[in-house]
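Engineer: In case you want the letters, here they are:
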Amino acid sequence: MADSDILKVSDLVSVKDIIILDKNFKNINSLTEYLVDLFYPEMEKVISKNLLLEKINTSPSFHTVLENGLFIPHMKLDNLDDFKAKLVILKKPVKDTETGFDIKLVFIFFTPLEKEFFGKHLNLLSNVAYIFKDISRYLSCDNPEQVYEYIKSVK
Amino acid sequence: MDKSRIKNVFVLSTAVLTFISFWRASAIVLCDFGSSAYYAGGIAAKAYGPAFPYFILAVMLFAGFLLMAYIESSSLFTRGGVYVVVRETMGKTMAKLSVSALLFDFMLTGPISGVSAGLYLAYLIEVLLPYFGINISVNHRFIAVIFAVAVVIYFWFENLKGVKESSENNVRIILFVSFVAILLLFLSVFTIYKKGFVWPEFKFHFSDESLGWAKYIDFLKPVGLIGILMAFGHSILALSGLETLAQIFREVEDPKIKNLKKAVFIIFIFAFTFTGILTFLSAVIIPYDKIISKYSENLLSGLAMELAIPYAFRIGLKILVVISALLLLVGAINTSMVGANETLKRVAEDGLLPDKIRELHPKYGTTYKIVTLVALAQSIIILLSGGDVFLLGEAYAFGVLWSLTFEMLSLIVLRFKKYDVEREWMFPLNITYDRYKIPVGLIIIFIILFSVSFINLFTKNIATISGISFSIILFWIFTHFEKKDEASMELHKEDVEEEKVNITTENELKNIVSKLTKPKRILIPVRNPNNLVHLKKTLEEIDDSVVDLVVLYVKGEKDNYDKNLSYDSLDNDEKTLFREVILMAEKYGKTLTPVIVFSNDPLYIIVYFAILGRFDEIRMGVSGNYGAEAQLEKIALNWGILKPKNFDKKIMVKIIWENKEYDYTLN
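Sequence order for the protein chains is A and B.
Just so you know, our numbering puts 69 at position 69 of the first sequence, and the rest follows in order with no gaps.
Just so you know, our numbering puts 660 at position 660 of the second sequence, and the rest follows in order with no gaps.
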């Protein structure tokens, strides 16, 4: 991996991309619909919302739920010129019936399909899993600024 | 790290996953092949008269060509030897016959070597006892029998421990024998310089015994070409070492054929000089009548005693010769056990012997039942011989000659049958016709071998009777178990050809890591026996003297998690997988450690093990379920989950498939 492949979470998301949510979701599908909505209308030129949802339903990598409650939906998209990401902290966990885990924190991102982004894509996945190993510290944050500061502080 | 995901760790072990150098391979073969120097000359002199040194020399030259033929057969079959080569071309029946004959000679190699060593010792004792004021008559043959049986028992135990251990001794033996041989050579030249020399007479004096049934057959008179073939046949006494070369080829380290060529060169030079030249020099320095009356049972001791040096030095040299004889001849017993063991293993793998005979020793991982059977048979033959080396010599060489004849014929047929298979080395003297390489050289070797084998049928009647009887009995045994095996194959059609390996349990993966000592480490996860391109490419390119290779199979926990896993509890696909891994390691002569881990999360375990073992690389095949990119994503994700704080090592991940590779460094 070249140094150019290193992609820090703190470089990708800003305070405005962090959402602390106190909302009930029926299941992971309704959560996903909510998450996709966050990227619109910004991503309209890249892919229509319906088509994206359709793609998500057939993409196994999108459904990445870890034991600690971290959900990392991600996908590579054509016509995208840079990474797009959001961090959502769920005050009310959502049960993932497939794994049986309670989803408490979501880091969703989209990667440009071009080959040169793949190294960064992998690095981002590692970093997300590494930074959010202990999600309890993020769940206890009161506002996005605090979350962001905490992300920046993790080495 | 979540250790609870690892349910249990098992290590597969088999005797062949470590490999030996060409020096060791040469030493193992030479301990049989080279040992004939001590007895071949004496037996041949008694059999057909003063022309013997010319024929011993010729046999050693001829053996060089046979050694070359073995390189060609080894380049075709990693697990080769007479049985496999003949089976491939002429079918199982001929293969069974060939291997039965060959085993007859393996059974005799130990006894003839042990008895000869015992005789050398007995003659030395006879000379030394008066110096200690003891004047008793020495029963040479009694001492020979006791000594030979004791050595067979010793090497039986050594072989239970495995060939790697015992080959260390072979190397030491060959080094010491080389020193004695050079000393004898130098002093023989000095003696000839001092006393002058007369060429040995090229004259035949066939005894009644050595003419065998030929004396009743008009056209088989010991003159001209027939006489030469008869004498040649009586001189071929120690070619069984050649088959050992084929048997241990699977254990030769990378680059295999190159190392085999080096081994063949060493074997030839040593055997030609030690057996051929020293026997010739003995005949030059010692008058023929004296050889017959005094030294026929200990020719090289005789050479030491007839050198033009002071008497005390002669005694000293005789002691050295006897020590070397004891070492080399007892080494031959070891080699014959190794050779017989490997040959019988090959036969048992093919279902010609009960599968239980291949059961591995729980501690050493060796086929202890076969080793024990061979040692038992050799001990019985020694006792039956009563220490008569000439009797053993008369019985010897039936099997090795016929098996070599079949092998040469097979190699010729293979040139046509497998003309398109690339051979790393080809026996010289070939004529290209159409797409074939017509093996003129091999055909000449075959004609010589067949002629000698045919003549020996009449002249060596003890060999013919005992060899044919033994071969028929063994052939019957093989056929009997083959039929049983076929019946059981009908019942278990899905069974795969099984490799015999031991499985040992390790409490934790870190116990395996503690055994990795080389500067670089590569982890190779495997799953599908048909998807081992990554392992193949790795074996092709790495130098295993500086790289520890660990082949990891993660067995799904849901698949009958068994704390007491044995090889038999693996399913057929898994057995095939490990057989392929072992065969590949053998083919490239590279050492690896196969490990099974029970877990429900294979990729998690792969990354966990890579971090724990501070591996430099993970090399994987493409997953049929995910594809390479998704595979890398999962690895990256697990890296993030598992990477400890302050872990400074970078691990390169390579996803490898035919003509393509995906690399990513976990940082």
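Note that these hints are calculated values from the structure, not bench results.
Mixed in with the good hints there might be a few duds.
The following residues of chain A were derived to be distant from chain B, with all beta-carbon distances above 10 Å [to be verified]:
| hint | residue |
| --- | --- |
| 1 | LYS8 |
| 2 | LEU21 |
| 3 | ILE28 |
| 4 | GLU33 |
| 5 | TYR34 |
| 6 | VAL36 |
| 7 | VAL46 |
| 8 | LEU53 |
| 9 | PRO93 |
| 10 | LEU122 |
| 11 | ASN123 |
| 12 | LEU125 |
| 13 | LYS133 |
| 14 | ARG137 |
| 15 | GLN146 |
| 16 | GLU149 |
Below 27 Å or equal to it, Euclidean Cα-Cα: the simulated DSS-like pairs (lysine-lysine) are [what the hints assert, rightly or not]:
| hint | chain 1 | residue 1 | chain 2 | residue 2 |
| --- | --- | --- | --- | --- |
| 17 | A | LYS152 | B | LYS649 |
| 18 | B | LYS510 | A | LYS76 |
| 19 | B | LYS510 | A | LYS120 |
| 20 | A | LYS26 | A | LYS152 |
| 21 | B | LYS660 | A | LYS120 |
| 22 | A | LYS133 | B | LYS510 |
Backbone N, C-alpha and C define an ideal beta-carbon position, used for all residues, glycine too.
Engineer: Hint by hint, note whether the structure agrees.
Structural biologist: Now for the hints, and whether the structure bears them out:
no.: 1; hint: LYS8; in the structure: holds (13 Å)
no.: 2; hint: LEU21; in the structure: holds (24 Å)
no.: 3; hint: ILE28; in the structure: holds (18 Å)
no.: 4; hint: GLU33; in the structure: holds (23 Å)
no.: 5; hint: TYR34; in the structure: holds (23 Å)
no.: 6; hint: VAL36; in the structure: holds (20 Å)
no.: 7; hint: VAL46; in the structure: holds (20 Å)
no.: 8; hint: LEU53; in the structure: holds (20 Å)
no.: 9; hint: PRO93; in the structure: holds (19 Å)
no.: 10; hint: LEU122; in the structure: violated (4 Å)
no.: 11; hint: ASN123; in the structure: violated (7 Å)
no.: 12; hint: LEU125; in the structure: violated (4 Å)
no.: 13; hint: LYS133; in the structure: violated (7 Å)
no.: 14; hint: ARG137; in the structure: holds (15 Å)
no.: 15; hint: GLN146; in the structure: holds (22 Å)
no.: 16; hint: GLU149; in the structure: holds (20 Å)
no.: 17; hint: LYS152/A - LYS649/B; in the structure: holds (23 Å)
no.: 18; hint: LYS510/B - LYS76/A; in the structure: violated (38 Å)
no.: 19; hint: LYS510/B - LYS120/A; in the structure: violated (32 Å)
no.: 20; hint: LYS26/A - LYS152/A; in the structure: violated (32 Å)
no.: 21; hint: LYS660/B - LYS120/A; in the structure: holds (21 Å)
no.: 22; hint: LYS133/A - LYS510/B; in the structure: holds (24 Å)
Hints 10, 11, 12, 13, 18, 19, 20, counting from the list given before, are not met by this structure.
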